[in-house]
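As a plain string of letters, each chain reads:
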Amino acid sequence: MTTVALKPATMAQALARAMRDAMAADPAVHVMGEDVGTLGGVFRVTDGLAKEFGEDRCTDTPLAEAGILGTAVGMAMYGLRPVVEMQFDAFAYPAFEQLISHVSRMRNRTRGAMPLPLTIRVPYGGGIGGVEHHCDSSEAYYMATPGLHVVTPATVADAYGLLRAAIASDDPVVFLEPKRLYWSKDAWNPEEPPAVEPIGRAVVRRSGRSATLITYGPSVPVCLEAAEAARDEGWDLEVVDLRSLVPFDDETVSASVRRTGRAVVVHESGGFGGPGGEIAARVTERCFHYLEAPVLRVAGFDIPYPPPMLERHHLPGVDRILDAVGRLQWEAES
Amino acid sequence: MTTVALKPATMAQALARAMRDAMAADPAVHVMGEDVGTLGGVFRVTDGLAKEFGEDRCTDTPLAEAGILGTAVGMAMYGLRPVVEMQFDAFAYPAFEQLISHVSRMRNRTRGAMPLPLTIRVPYGGGIGGVEHHCDSSEAYYMATPGLHVVTPATVADAYGLLRAAIASDDPVVFLEPKRLYWSKDAWNPEEPPAVEPIGRAVVRRSGRSATLITYGPSVPVCLEAAEAARDEGWDLEVVDLRSLVPFDDETVSASVRRTGRAVVVHESGGFGGPGGEIAARVTERCFHYLEAPVLRVAGFDIPYPPPMLERHHLPGVDRILDAVGRLQWEAES
Amino acid sequence: MTVMEQRGAYRPSPPPAWQPRTDPAPLLPDAEPYRVLGTKAAEDADPDLLRRLYAELVRGRRYNAQATALTKQGRLAVYPSSTGQEACEVAAALALQARDWLFPSYRDTLAAVARGVDPVQALTLLRGDWHTGYDPYEHRVAPLCTPLATQLPHAVGLAHAARLKGDDVVALAIVGDGGTSEGDFHEALNFAAVWQAPVVFLVQNNGFAISVPLAKQTAAPSLAHKAVGYGMPGRLVDGNDAAAVHEVLADAVRHARAGGGPTLVEAITYRVDAHTNADDATRYRQDAEVETWRGHDPIALLEHELTERGLIDEDGIRAARDAAETLAADLRARMNQDPVLDPMDLFAHVYAEPTPQLREQQAGLWAEIEAEQEGTH
Amino acid sequence: MTVMEQRGAYRPSPPPAWQPRTDPAPLLPDAEPYRVLGTKAAEDADPDLLRRLYAELVRGRRYNAQATALTKQGRLAVYPSSTGQEACEVAAALALQARDWLFPSYRDTLAAVARGVDPVQALTLLRGDWHTGYDPYEHRVAPLCTPLATQLPHAVGLAHAARLKGDDVVALAIVGDGGTSEGDFHEALNFAAVWQAPVVFLVQNNGFAISVPLAKQTAAPSLAHKAVGYGMPGRLVDGNDAAAVHEVLADAVRHARAGGGPTLVEAITYRVDAHTNADDATRYRQDAEVETWRGHDPIALLEHELTERGLIDEDGIRAARDAAETLAADLRARMNQDPVLDPMDLFAHVYAEPTPQLREQQAGLWAEIEAEQEGTH
Ligand SMILES: Cc1ncc(C[n+]2csc(CCOP(=O)(O)OP(=O)(O)O)c2C)c(N)n1
Ligand SMILES: Cc1ncc(C[n+]2csc(CCOP(=O)(O)OP(=O)(O)O)c2C)c(N)n1
Ligand SMILES: [Mg+2]
Ligand SMILES: [Mg+2]
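Chains as they are written, first to last, in numbering that gives the first Met the number 0: chain A, 0 to 333; chain B, 0 to 333; chain C, 0 to 376; chain D, 0 to 376.
None of these hints come from the bench; they were simulated from the model.
All C-beta atoms, glycine included, are put in the ideal place defined by N, C-alpha and C.
Be careful, since some hints might not be right.
Mimicking BS3-like on lysine-lysine, the simulated pairs with C-alpha atoms at most 30 Å apart in a straight line are [claimed, not checked]:
{"id": "1", "chain 1": "B", "residue 1": "K50", "chain 2": "D", "residue 2": "K71"}
{"id": "2", "chain 1": "C", "residue 1": "K164", "chain 2": "B", "residue 2": "K184"}
{"id": "3", "chain 1": "A", "residue 1": "K6", "chain 2": "A", "residue 2": "K50"}
{"id": "4", "chain 1": "A", "residue 1": "K50", "chain 2": "A", "residue 2": "K184"}
{"id": "5", "chain 1": "B", "residue 1": "K184", "chain 2": "B", "residue 2": "K50"}
{"id": "6", "chain 1": "B", "residue 1": "K6", "chain 2": "B", "residue 2": "K184"}
{"id": "7", "chain 1": "A", "residue 1": "K184", "chain 2": "D", "residue 2": "K71"}
{"id": "8", "chain 1": "A", "residue 1": "K6", "chain 2": "A", "residue 2": "K184"}
{"id": "9", "chain 1": "B", "residue 1": "K6", "chain 2": "B", "residue 2": "K50"}
{"id": "10", "chain 1": "A", "residue 1": "K50", "chain 2": "C", "residue 2": "K71"}
One-sided and incomplete, this derived list gives chain B residues near chain D with beta-carbon spacing under 10 Å [claimed, not checked]:
{"id": "11", "residue": "T60"}
{"id": "12", "residue": "A63"}
{"id": "13", "residue": "A75"}
{"id": "14", "residue": "G78"}
{"id": "15", "residue": "P192"}
{"id": "16", "residue": "V195"}
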């Protein structure tokens with residue numbers, strides 16, 4: 000048995016490596032976006048790609064998001080596999096017509112003749128002290144758009160594995176990168192990066208018997224922290240990391256909730272009309288008779304993302320999660 | 000007592016009348032959009048306005064939805080009350096950046112100093128045999144955007160009353176007009192149009208004791224029909240017409256579900272990530288111990304809107320609603 | 000160095016030399032739309048090409064008439080006619096090689112048909128049948144595009160990809176005058192110019208966007224004048240002169256293929272019919288205007304030229320008309336059969352593999368249909 | 000009339016007369032950026048205006064330096080400096096009347112300050128404090144706009160509304176070279192031209208959009224060449240020549256006020272600092288280039304002119320510097336105090352009246368904060 004030399008890597012580095020490996024493996028993979036070339040992206044996630052593969056493979060585009068996504072559609076029509084970076088969540092909005100009317104529909108429109116293997120990377124979420132328009136959690140829009148896969152990693156390993164899977168997918172994938180986890184670190188083996196994960200599988204990050212926290216992306220570490228803190232209250236919380244919002248892994252989620260009988264959905268995105276409603280509703284549909292309490296939601300408020308100096312009030316934190324767990328009608332327990 | 004001479008009016012006519020009366024009452028009201036002037040709109044909803052108020056008050060704009068909404072923002076900044084028409088649901092997508100980043104946020108951004116009294120009329124939904132891009136139900140996007148009111152009438156009277164309320168509102172209102180109800184008719188008194196409804200109040204369209212159908216817009220008549228048909232099965236269904244998706248009338252909805260103990264949410268929009276998830280989740284949060292069965296959803300499939308020749312399979316119809324009602328675990332009934 | 004210290008001996012240097020990145024002069028359109036028919040240029044035109052264009056125009060006009068008739072018979076849900084614009088439609092198709100790509104808007108079924116797409120397949124969308132009736136890769140015709148101008152960045156991306164792959168492919172995209180107001184028009188032209196992508200933009204300026212006349216759409220001297228703002232040549236052409244449109248487009252295609260980058264072509268034409276069969280054009284325009292344009296009919300123009308110069312005789316004209324009638328009869332016959340759609344197709348192509356959620360929904364619909372059929376048997 | 004019948008006697012008529020809707024020639028920019036300083040035109044410039052511009056430039060430079068310093072001290076979250084671009088910022092503010100409106104981008108806090116907005120209020124957003132620090136109606140300065148080019152249609156709409164109301168108001172909107180690639184730029188200019196709205200578009204072409212140089216942004220001869228495509232005049236000006244920028248903008252404002260419609264002004268300048276304090280400009284450009292531009296510094300240019308022509312003396316220069324130091328000291332002092340934000344404000348202005356849902360959330364947060372405070376007491 001050889002010793003594996005593990006090294007620390009950040010999520011940003013894992014993402015960069017995923018693109019690098021994908022580009023090396025398949026000449027059809029092209030990275031494009033604002034500042035992704037020479038600069039390596041404002042978060043340095045595309046660092047080194049232009050140098051290694053040339054500007055035709057990693058391209059600084061003009062500053063126009065609809066144009067970026069629209070031309071990527073054309074490139075995908077011709078057999079390329081564009082990986083598009085939207086510089087920040089809110090700057091993906093100008094591309095929504097291309098996204099909704101074309102990216103998500105071209106395969107269906109042509110009865111399968113014209114698939115669009117396209118990855119759209121969107122740094123999302125807050126917690127980084129960013130000013131207006133730099134901290135949106137826009138996953139509700141993507142989830143409500145049939146034809147898109149919506150994927151979001153919470154760990155360094157998943158960042159690599161899921162991005163490779165997204166780029167390898169023959170369908171368009173909206174790949175949501177939790178900004179505040181870009182600098183999160185994990186030990187990994189640079190010689191042999193993690194496995195490519197299939198899209199659509201949730202994972203139980205922590206087993207527990209009292210209740211299930213259903214979450215994803217930036218809220219996963221928060222939920223894990225909450226689960227640790229909950230031990231003091233005598234609760235043994237299970238944490239499910241969805242990883243893929245579309246398709247949704249009903250099996251894993253329902254199995255967990257059936258085991259625990261209680262659930263809280265946790266996300267940064269606004270509550271009203273946000274992902275939590277869908278998740279709570281489908282869990283309830285599937286697990287109604289197992290539920291000791293309604294599935295609760297801990298979410299961002301239904302407000303535009305607040306200024307940095309107030310964001311800590313907005314973001315679901317450990318206390319708010321524990322409060323919700325406390326409201327899961329434990330008194331009903333025999 | 001004078002006799003009231005009631006005449007039949009279509010929903011399209013009621014909407015036109017609402018704009019006319021609002022324009023007559025307030026010179027700040029301006030109607031703008033593609034083909035709204037000379038032509039009177041592709042659905043003739045703005046018919047006669049340009050003639051009566053001149054082209055400066057009812058303006059044919061260049062063909063650019065972001066430009067329409069963006070200039071309307073500027074007009075509202077200067078104290079006008081623009082009423083913008085998006086020609087069809089899917090053609091509102093190019094305006095999403097203006098909508099999300101500015102329309103919904105300007106008041107909040109300026110701590111109330113710069114409100115945007117703006118109405119965005121969006122004909123939505125299917126059932127009219129429209130080709131691709133002409134039948135989307137995009138309410139999930141609007142609901143997930145804090146700062147917008149989202150309103151949709153289901154009757155001729157509400158079309159008038161709610162549109163007047165929307166135009167009178169100091170907040171931006173997305174006013175969703177169910178296309179297939181444009182030609183629905185009701186008797187009304189042209190001398191004295193219906194009252195202006197406050198935004199945010201649901202209404203019980205039909206009382207019943209067995210279960211509640213929670214619905215809005217184009218699905219309201221379908222639910223009423225289903226409720227009639229349900230009598231044969233021995234069910235006495237209550238039908239709640241939400242009218243306003245934002246704000247949401249928890250009070251009326253919860254009161255109904257507490258009475259009946261069972262609920263089905265019905266809408267045309269796709270199910271996954273659609274309005275029904277939010278509605279089911281919040282009803283469950285509030286009425287858990289009253290519920291005999293999970294809140295079920297009858298929605299459009301999670302697919303791009305189908306071609307006309309297949310749309311009948313997609314749209315929630317009476318049978319599908321009754322099927323869902325049948326799955327509300329009646330056997331559990333004593 | 001502080002402001003104080005900069006004084007005295009300090010002399011500011013001139014700005015870094017500025018010069019336009021390209022010479023604007025050749026990018027500007029001519030003062031008059033380019034014409035061939037009825038001018039000296041017609042003498043240089045290839046008679047075979049003219050005859051071919053003529054046959055296609057006649058066929059195209061008949062196709063438009065037949066499609067419009069089908070809407071009246073309830074066989075077509077909606078038809079945006081290109082009557083009066085056949086020269087643009089046909090020339091766009093004929094200016095391309097087989098390896099090139101055409102990006103039509105929703106109005107351009109005729110261009111697709113002229114490029115070889117089966118008319119029934121071209122009309123599939125407008126029939127209420129599936130969203131696209133043909134395999135885009137077969138004739139290299141992108142799906143008919145309804146959201147205005149959104150097909151333009153696709154054309155740019157495809158052309159760019161082809162060039163990156165070393166393929167000798169040009170993309171030609173068609174858009175209306177109204178569509179030029181959309182942001183996607185702007186972004187597509189800018190990307191094309193920056194990338195020097197082999198793409199040709201054909202604006203069919205037919206005077207209207209539904210009811211909105213050009214004067215409410217733009218204040219530009221001409222739409223072709225937009226080109227200089229992107230650093231590409233803008234060309235203005237009489238859109239009812241098939242020979243002129245063909246020549247200008249063929250030049251632009253050659254230029255693009257040779258690595259010269261994109262061109263914007265504005266073809267001045269007129270939408271003789273209403274916007275679609277559902278539209279009432281009398282609400283927004285005078286018959287007299289339509290009549291003026293009928294006088295400058297693309298078919299009449301070309302037929303006149305061919306006849307005057309003895310390039311076609313009665314037989315030639317009859318042959319063109321017969322071919323057109325054959326197309327119409329075939330279309331009529333085949334459109335008379337109701338298409339059979341499989342409801343299960345609703346779920347089959349949303350993703351490469353249906354998600355578990357879609358599989359559930361599919362099973363539900365299947366059960367419903369089975370129950371329905373049992374009910375009716 | 001069938002095609003057959005059209006033959007023979009039938010002669011197609013010429014097309015309806017075509018002519019450009021406007022004469023393109025006067026819309027095209029000059030071949031060279033317009034300059035005043037160091038040219039004969041300087042002799043006609045108003046000495047008071049030049050001195051005023053000078054004082055504002057010096058103040059602006061100091062403001063930029065102070066704001067950048069505040070980021071290092073953690074007093075400002077982020078600062079996009081306009082060092083090197085002060086001539087544009089200041090001239091934009093000074094070209095307007097009090098009744099006019101300014102629409103700044105996120106980089107243009109200096110223009111807002113030069114127009115009278117309190118610097119602390121102008122920096123509120125960038126401090127991590129509330130999204131907008133000033134009441135837009137007080138100085139008629141729209142909120143700093145972050146999504147690029149999206150403020151341009153606002154400016155058009157506002158100017159249009161003012162004209163409809165019969166008010167004598169002009170809007171001036173600032174956008175970057177990168178921002179010109181966005182669809183909103185296109186749509187705004189088109190609406191402005193069609194409506195003949197009294198609006199002036201100032202493009203600060205500072206060579207970069209973060210790391211992306213102009214050559215990757217556009218292939219146009221100049222950005223000012225875009226104007227003709229909308230039917231408005233395009234003007235090219237040396238963006239470091241405050242007198243020239245002011246003159247061109249003031250002309251455009253006058254033209255707009257007189258009902259002449261919009262103008263597009265491209266000011267050629269340079270972003271001397273990095274994109275923001277968080278950016279590392281050495282990754283994408285050479286110091287030498289920066290140095291060249293430092294030589295063509297807007298303050299040095301104007302100071303040189305003033306000194307050469309004896310329009311300013313040591314005292315005048317010192318007065319300008321002192322005023323700048325006063326601003327900086329005040330800014331430093333006031334930015335040293337932590338702002339106090341009320342978390343309840345999160346819910347107060349989403350709507351005119353909080354929805355029941357927001358009231359619930361507000362109550363929840365209130366309870367949390369109370370509990371927290373009890374915990375800490
Ligand atoms: C983005 C978008 N907005 C609105 C529409 C609705 N619409 C369909 S055709 C049309 C007019 C198009 O005019 P033009 O571009 O001149 O093309 P033409 O119809 O004259 O061929 C409009 C507004 C649309 N299809 N897409
Ligand atoms: C719609 C949108 N896309 C992307 C961004 C991110 N971004 C902020 S500044 C910038 C570059 C802007 O360049 P330019 O317009 O030239 O203005 P400058 O920074 O040079 O003043 C980018 C890409 C944004 N703010 N808005
Ligand atoms: Mg047109
Ligand atoms: Mg710039």
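query = Of the hints stated earlier, which fail here?
reply = Of the numbered hints, 1, 2, 10, 15, 16 do not hold.
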